[in-house]
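> Please work from the sequences and hints to get the whole structure.
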Amino acid sequence: MGAAVFFGCAGIAFGPALALVLLTVAAEPLRVIILVAGAFFWLVSLLLASLVWFVSVRLSDREDARLQFGLLVFGAAVSVLLQELFRFAYFKLLKKADEGLAMISEDGRSPISLRQMAYVSGLSFGIISGVFSVINILADSMGPGVVGIHGDSPYYFLTSAFLTMALVFLHTFWGVIFFDACEKRRYWCLGLVVASHLVTSGLTFLNPWYEASLVPIYIIVVCMGAWAFFTAGGSIHNVLKCLSCKGARGRERTRGDTRVPRLSPVGF
Amino acid sequence: VKMAAGSGGAQAAARGPRAPLPAWPRLLLLGDTGVIHVVEKEEDLRWVLLDGPHPPYMVLLDGSLFNRKVLLQLKGTSRVSGLAVAKAKPSPPQGFSPGLKCPNDGFGVYSEDYGPQYAHCNTTVWNPVGSGLSYEDFDFPIFLLEDANETEVIKQCYQDHNVPREGSGPEYPLCAMQLFSHMHAVTSTVTCMRRSSIQSTFSLNPEVVCDPLLDYNVWSTLQPINSSGKVDPKKEVILVATRIDSHSFFWNIAPGAESAVSSFVTHLAAAEALHKAPGIQSLPRNVMFTFFQGETFDYIGSSRMVYDMEKDKFPLRLSNIHSFIELNQVALRNNSVLWMHTDPVSRKNESIQTQVENLLETLSNSSAGANVTLQDVGYSQPLPPSSFQRFLRAKHIPGVVLSDHRASFHNRYYQSMYDTPENIRVEYPEGLSPEETLEYVTDTAKSLAEVATVVARALYQLAGGANDTSAIQADPKTVSRMLYGFLIKMNNSWFQSIIKPDIKVILGDVPQHYVAVSSPVNTTYLVQYVLANLTGTVVNLTKEECLNPEKTPSTEKDLYEYAWVQGSLDPNSTSRAPFCVRSTVRLSKALSPAFELRQWGSTEYSTWTESRWKDIRARIFLVASKELEMITLAVGIVILVFSLLATYFINAKADVLFSIPRDPGAVTY
Chain A
1 MGAAVFFGCA
11 GIAFGPALAL
21 VLLTVAAEPL
31 RVIILVAGAF
41 FWLVSLLLAS
51 LVWFVSVRLS
61 DREDARLQFG
71 LLVFGAAVSV
81 LLQELFRFAY
91 FKLLKKADEG
101 LAMISEDGRS
111 PISLRQMAYV
121 SGLSFGIISG
131 VFSVINILAD
141 SMGPGVVGIH
151 GDSPYYFLTS
161 AFLTMALVFL
171 HTFWGVIFFD
181 ACEKRRYWCL
191 GLVVASHLVT
201 SGLTFLNPWY
211 EASLVPIYII
221 VVCMGAWAFF
231 TAGGSIHNVL
241 KCLSCKGARG
251 RERTRGDTRV
261 PRLSPVGF
Chain B
1 VKMAAGSGGA
11 QAAARGPRAP
21 LPAWPRLLLL
31 GDTGVIHVVE
41 KEEDLRWVLL
51 DGPHPPYMVL
61 LDGSLFNRKV
71 LLQLKGTSRV
81 SGLAVAKAKP
91 SPPQGFSPGL
101 KCPNDGFGVY
111 SEDYGPQYAH
121 CNTTVWNPVG
131 SGLSYEDFDF
141 PIFLLEDANE
151 TEVIKQCYQD
161 HNVPREGSGP
171 EYPLCAMQLF
181 SHMHAVTSTV
191 TCMRRSSIQS
201 TFSLNPEVVC
211 DPLLDYNVWS
221 TLQPINSSGK
231 VDPKKEVILV
241 ATRIDSHSFF
251 WNIAPGAESA
261 VSSFVTHLAA
271 AEALHKAPGI
281 QSLPRNVMFT
291 FFQGETFDYI
301 GSSRMVYDME
311 KDKFPLRLSN
321 IHSFIELNQV
331 ALRNNSVLWM
341 HTDPVSRKNE
351 SIQTQVENLL
361 ETLSNSSAGA
371 NVTLQDVGYS
381 QPLPPSSFQR
391 FLRAKHIPGV
401 VLSDHRASFH
411 NRYYQSMYDT
421 PENIRVEYPE
431 GLSPEETLEY
441 VTDTAKSLAE
451 VATVVARALY
461 QLAGGANDTS
471 AIQADPKTVS
481 RMLYGFLIKM
491 NNSWFQSIIK
501 PDIKVILGDV
511 PQHYVAVSSP
521 VNTTYLVQYV
531 LANLTGTVVN
541 LTKEECLNPE
551 KTPSTEKDLY
561 EYAWVQGSLD
571 PNSTSRAPFC
581 VRSTVRLSKA
591 LSPAFELRQW
601 GSTEYSTWTE
611 SRWKDIRARI
621 FLVASKELEM
631 ITLAVGIVIL
641 VFSLLATYFI
651 NAKADVLFSI
661 PRDPGAVTY
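Protein sequences appear in the order of chains A and B. Using UniProt numbering, read the first sequence as starting at 1 and increasing by one per residue. Using UniProt numbering, read the second sequence as starting at 1 and increasing by one per residue.
Hints are supplied without guarantee of correctness; some may be wrong.
[Unchecked claim] Label pairs and their computed distance ranges (CB to CB):
id	chain 1	residue 1	chain 2	residue 2	range
1	B	GLY567	A	ASP152	36 to 46 Å
2	B	SER200	A	LEU48	47 to 57 Å
3	B	LYS626	A	PRO208	52 to 62 Å
4	B	GLU439	A	MET142	51 to 61 Å
5	A	HIS150	B	ALA148	16 to 26 Å
6	A	PHE69	B	PRO429	47 to 57 Å
FYI, nobody ran anything at the bench for these hints, they're computed from the structure. Heads up, the beta-carbon is just placed ideally off N, CA and C, and yes, glycines get one too.
Shown next as structure tokens:
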């Protein structure tokens with residue numbers, strides 16, 4: 001009986017991530033490596049954040065509920081900052097790796113573009129943070145009970161799954177924007193990414209008032225998505241072209257093979 | 001998220017071939033879940049059995065409805081997944097006994113070959129209120145809620161979510177409960193013992209699924225006998241016996257105030273009184289005090305002792321037994337009348353008849369001057385369920401069973417959770433400290449002491465004592481302390497002072513007298529040490545000598561047992577003054593001979609075993625509607641499929657979508 005809820009929630013939370021990994025990452029070994037390494041970087045950041053929170057709780061008065069709530073907010077903020085710090089570190093590492101790859105490749109060009117790396121690393125951050133935030137809830141959704149005996153919302157599993165889906169998307173978009181901003185040294189973009197991450201994290205403290213947390217978070221998702229789309233080279237013109245380019249299919253196919261080098265920026 | 005609602009206990013898991021097949025296959029390790037429905041009146045059952053739209057139900061049953069009629073209704077439907085019973089307060093006035101109407105039927109002496117007119121309680125139904133629920137097979141777990149607060153939490157959850165509104169069912173989410181009590185054994189003793197024994201033959205880590213009920217009988221003699229040798233065949237011994245175990249429907253609850261404690265406390269007091277009489281060591285006959293364990297489950301203790309005596313594995317033989325006196329439920333006497341039950345079949349034998357007459361006369365004479373009247377039940381009636389029946393099965397022995405009832409039991413709560421101190425009117429004034437309560441002499445204690453006095457005097461005379469018996473007197477204070485210890489609180493200062501230091505941790509608070517599989521149980525230990533304390537002597541031995549008496553020749557190791565007990569607490573410090581007690585108190589194994597003989601399907605000997613189990617617990621939570629679950633699943637699937645399609649198309653058109661405009665100025669890297 002709980003299996004329906006489990007698979008439903010898993011589909012909501014990880015359906016997009018699964019589709020992205022299967023269709024855009026799994027086929028290329030280099031992307032898979034970047035995905036796994038990115039997840040590792042995120043885990044290290046979580047480890048450090050939890051250490052900070054754990055120590056602060058140990059050192060503080062555990063009876064004081066207000067203080068403990070404050071520490072939780074503090075811990076979440078620290079965690080966000082650490083995640084962004086590790087995203088930067090991962091960017092630096094990938095840059096170094098890319099130079100190496102370019103050196104050993106036959107044509108002297110890197111086999112993967114920075115944008116693709118940004119996208120895959122963002123996705124890896126999203127997947128791993130989604131897994132960590134929802135796995136316990138998914139385990140409990142197997143049943144036999146649901147939330148609510150103390151008056152909480154029965155939609156807890158559903159909203160948690162949607163929140164996780166938003167998190168996966170947001171991390172992917174942040175990854176794209178962040179890497180681009182680092183590359184172009186647009187520090188205000190970095191600031192915006194960190195700020196929106198902080199806001200998202202802060203909004204979850206409004207739970208279980210789900211209207212107040214989920215709606216703004218999805219607004220942020222849409223905004224970030226649009227920004228990332230344009231950052232990645234998308235434009236309304238392209239969308240229109242894409243929608244009306246049924247006739248251009250044949251041309252597209254021929255270009256398919258050369259897609260990667262075409263997309264890869266030249267001259268790092 | 002989920003709230004644990006602790007349980008008072010689950011069904012005791014003992015079962016034999018007579019109550020086969022409590023296999024709970026649906027349980028597995030997940031526990032049983034159902035929507036809670038509170039049943040406080042019989043009419044409420046209709047919802048559970050017929051009307052309710054959300055089966056299976058977890059029934060929270062009021063204690064007053066916990067009877068055979070209701071339980072068979074619940075058993076007969078698949079709409080019930082479990083039962084939680086709230087304990088009734090006060091105890092049901094009409095009586096309640098989950099035991100049989102004819103306790104231990106088929107394992108006593110009466111059968112087709114021996115007094116067939118008495119077999120299967122044809123003449124007298126001993127326990128008319130007995131519902132036999134303990135011997136029914138239920139395929140759902142049954143828990144007891146002892147704590148009224150827990151019951152209230154569950155009822156509140158029911159009130160908030162599950163109350164039917166105007167004929168239609170309540171709306172989701174509903175409050176549900178899950179009970180965990182997985183039993184590893186299935187079908188019957190024959191099956192589970194075979195499985196366990198196959199495992200222990202071939203496996204390095206045998207997974208035992210059930211264990212035979214096993215404990216120890218406690219026995220001692222007035223005059224010391226050589227425990228390793230054999231008693232002279234000409235030596236006559238009078239055997240006094242009581243049972244020390246009880247039972248209730250639920251695990252870990254077996255107060256047995258009337259069914260066990262009243263009689264064994266009287267027995268202990270009589271042993272003490274007799275031991276204090278002068279000249280007892282020179283009496284021509286010996287007296288043996290015997291406390292049988294596991295009698296509730298088809299006479300485990302007594303059948304084993306008879307078996308051992310027949311097989312020469314016991315210092316005494318059956319031929320040594322001069323006569324037999326059993327104390328059996330003695331606290332609820334009308335007008336202080338104590339009834340003497342005898343076996344009409346063996347009394348047809350002339351020599352037995354003479355000895356029985358003599359026995360009855362001695363007992364009646366002993367009551368002269370005491371506030372107890374002994375009356376003969378006569379030929380009309382067979383023996384009530386008693387250990388004596390197991391001895392009669394083996395040999396015609398003159399004997400008498402003393403009880404407070406002439407025909408059916410006066411005890412309305414035989415083998416139930418309501419056989420509490422209140423049942424035998426052990427009540428204390430308000431505001432006493434534990435120490436004061438321990439010493440407080442209740443009326444029940446006085447009346448039991450009188451019975452003990454009569455028994456002790458009769459034993460003195462039966463043993464051949466010629467002196468005046470008026471000096472033999474049981475002490476009501478001792479009886480009070482024992483009643484407190486065995487009924488109210490085991491962990492009291494007196495029990496602490498008379499036990500070995502290494503078993504002081506066993507003393508729990510609330511006493512219960514269920515024979516278990518890990519032995520000896522508290523009751524056995526405590527009866528052993530109380531008996532040693534009441535009948536033994538303090539000897540001047542060092543700790544070393546007391547713990548290793550075989551190293552000191554003067555201790556006569558074969559005749560006596562030595563115990564180094566921790567003594568009472570010094571009033572001004574935390575240290576104790578330990579000492580050495582010498583007594584004749586010994587333990588003998590109370591494991592049914594059926595397991596010794598590996599006859600697991602025996603109808604001669606008790607074959608009760610207890611299933612192994614992992615954990616027993618319960619929790620309550622809300623369950624969501626099927627619609628919400630299906631909506632969740634549908635949304636999940638739609639999102640997954642849409643993601644796959646969208647990703648596929650975006651990926652296919654990635655070069656168009658993310659193409660960099662021709663203007664090279666836009667590319668900064």
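> Each hint: holds or not?
Status of the hints after comparison with the structure:
Separation of GLY567 (chain B) from ASP152 (chain A) is about 57 Å and departs from the stated range, judged on CB atoms against 36 to 46 Å. With their beta carbons about 52 Å apart, SER200 (chain B) and LEU48 (chain A) fall inside the hinted range of 47 to 57 Å. Hint check: LYS626 (chain B) to PRO208 (chain A), Cβ distance near 23 Å, so the stated range 52 to 62 Å is violated. A C-beta distance of roughly 57 Å is found between GLU439 (chain B) and MET142 (chain A), which places it inside the suggested range of 51 to 61 Å.
One distance hint, 16 to 26 Å for the beta-carbon pair HIS150 (chain A) and ALA148 (chain B), holds here, with the actual separation near 21 Å. Take PHE69 (chain A) and PRO429 (chain B): their Cβ atoms lie about 51 Å apart, and the range 47 to 57 Å holds.
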